[in-house]
Amino acid sequence: MLRYIARRILIMIPTLLITSALIFTVMQLPPSDYFETYVAEMAAQGEKADMSRVEFLKKEYGFDKPLIERYFLWVTGFVRGDFGYSFEYEMPVSDVVGERLALTVLVSFCTILMTWIVAFPIGIYSATHQYSWADYGLTFIGLLGIAVPHFLLALIFMYFANVWFGLSIGGLMDPIYFNQPWNWAKVQSVLAHLWIPVLIIGAGGTGSMVRAIRANLLDELQKQYYVTAKAKGLPPGKALVKYPLRMSLNFFVSHIGDVLPSIVSGSELTAVVLSLQTTGPLLLRALQSQDMYLAGSFLLFLSCLTVVGVLISDILLGFLDPRIRLQGGRTK
Amino acid sequence: MNQPVSLPPSGAPLSHFIAEGVFDPHQADKLTKAQERVYLASQLTLMWWKFRKHRLAVISGVFLMVLYASILISEFLAPYNYQSRHTDFIRTPPQSVHLFHDGRFVGPFTYGLTSTLDMNNLKRNYSENTQQIFPIRFFCRGDGYRFWGMFEGDLHLVCPGEGGTMFLLGTDRLGRDMLSRIIYGARISLTIGLIGISVSFALGIVIGGLAGYYGGLFDLLVQRTIEVVQSLPTIPLWLALSAIMPPSWSPILVYFGITVILGLMDWTGLARAVRSKLLSLREDDYVVAAQLMGAGTPRVVFRHLVPGFMSHLIASATIAIPSMILGETALSFLGLGLRPPITSWGVMLNEAQNINIVVLYPWLILPVVPVIAVILAFNFLGDGLRDAADPYR
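So the protein lines, in turn, are chains A and B.
Residue 80 in this note's numbering sits at position 80 of the first sequence, with consecutive numbering throughout.
Residue 16 in this note's numbering sits at position 16 of the second sequence, with consecutive numbering throughout.
FYI, nobody ran anything at the bench for these hints, they're computed from the structure.
For each residue, glycine too, the CB sits at the ideal point set by N, CA and C.
Treat the hints with caution; some may be incorrect.
Unchecked claim - Far from chain A by the CB rule (all over 12 Å, computed), these chain B residues: (1) Ala41; (2) Leu113; (3) Leu122; (4) Pro135; (5) Ser198; (6) Ala202; (7) Phe309; (8) Met310; (9) Ile342; (10) Phe380.
What the hints assert, rightly or not - A few chain A residues facing chain B, derived, Cβ under 7 Å: (11) Val148; (12) Pro149; (13) Asn162; (14) Ser303.
Stated by the list, open to error - The calculated label-pair distances, taken between Cβ atoms and stated as ranges, are: (15) A:Ile11 / B:Gly216: 16 to 22 Å; (16) B:Leu253 / A:Ala215: 51 to 57 Å; (17) A:Ala43 / B:Phe256: 28 to 34 Å; (18) B:Gly216 / A:Ser52: 54 to 60 Å; (19) B:Val369 / A:Trp195: 25 to 31 Å; (20) B:Ile319 / A:Ile9: 31 to 37 Å; (21) B:Asn125 / A:Ser52: 54 to 60 Å.
In isolation and in its complexed conformation, chain A is listed as follows:
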């Protein structure tokens, strides 16, 4: 088992390296950089930009050096805990990102939890009651969850919350608590706001999860070991829990690796619509102003989040299924 985990972590390193190189390339692609945008903006306002400051920043962050060197500076800085400097906010990226990143992780984690809690029983019910009305209904709702994009769902949700209940449901906490130290009141405020974004972001993932569990369990239910178990007189509930359910549990854990990227990217968009205090709105702003270190660090953080999430699901899978840890590699 240890060997399996070690191998999985080793595979992760080149993945992250390629990802970071990719993101760095994307960040370098724009024909102009932040400084040019900044100088042009200043000129448009009729002011003269402080060229000495621009020169200093350019030198400090190695903009005069070749690309490869800058990439290494950036990546090694990541390992040291120096995430670069946000030119727009004029402070280190880690200070800007701070709490937002933690909140992004919190939202994503709760979403996965909700996906599991909701999708599991529904999937089992749909599979065991195949072609019943409830099955059709649940399948249709699940399909709707997949089809309706997160941000539109957020918009519709906000509209009806406002019209029917007179609530405004934006934000992840009352604004007064943001950037304040954590205390009980703040936790309460976050908990009170959390369920709406979690519900919205989780809708798509839950839908596809239900579909997948249903299909998987239906395959298992036709296998001979289950028929044998039932023929030997095991009560249906016990037969179900003891055999097919355990088999589909594998898949249940591994599927999270597929759902996670869509959860993370969905939460970004939803965050913009609901103005959550997560990374979404900030990322959008950073991309618009070409604040490259901030945007790049965000993208890399988000990718790390998915890669680590997939790693955890793979390790869990290794515990569940001995075939995988003996062979190495994923199920697919």
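Assemble the complex: chain A is given as a structure, and chain B must be docked to it using the hints.
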């Protein structure tokens, strides 16, 4: 010959019997007419028969075909030009079509509108003026347009009555008719999915095909790349890629830029499918035969191997189209995608970003309806196609 023969008593010799009919050695395994049709049917015909049984998929297919046909003649179908502004009717709520006036049948008509300005919140309120009746005209001359940007024209399927208005889905902040804009927007929103999927299709087949056929180091490299690209959260990356398109690009160039971006992120799934299919097929006898006859790699892959699972690929591509349409909608919604003068459903939704505006003018989120309908239809159609293309079901 089928006469019942009474059995002789036990022990007695059997009487000699000769069948009088013509002997047909294949009589036992002869096919009925219906069976014969199935055995002689081509692959495509078989798929069509299976597909026809999926009622929902067929309905979705017809629905999508109608929509795609409509983008050929958007200018004719829309009652107004999508750019014409009606400054007297800003943010009008949807108008209803009436048939009866004072209990008398008049045919379809709209009432006139009078607007008052609410001085408390500076909101314009519109009320129907039941004195004015504007019968709706059909096949009529209305707003001028350039058909596909080339020919001048002004013929419409329906127009408001002379001097009247007909905003069936309301108007936006510049007084432009929402219904007309949704009809025009379909042209961009629907084609972006098709072009995007063509890009990803081409990439997927070429990369997956080469990886599957050559194997070895190239395959390993492609495999790892696919894993990396699939682990990236798509939407933030889309945002980043579309943010780097220079603002000086013309809207048409941006449109093609976006399709390429959407395609660039989406090819991995197809490449994987192609690769695994090729791996299983490349050892087959007919491939060896082709190689022995001197066919080069591209010929073997694209002439002999790819057609074998093309139908399957098309089905999976159909399922990928909705994510492209959604991608464009999301990008434009955030203001990073297409920009006005081009109109797509996402660009229209951009106006509905602010919840306060949506609460006051709820008809601004109506473009959500076609987006969801199209996505659902593509999902159903894709499911049906996939089942039909699968020979083992």
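Practice task
Would you list, in rising numerical order, the hints stated earlier that this structure does not obey?
Solution key: 10, 16
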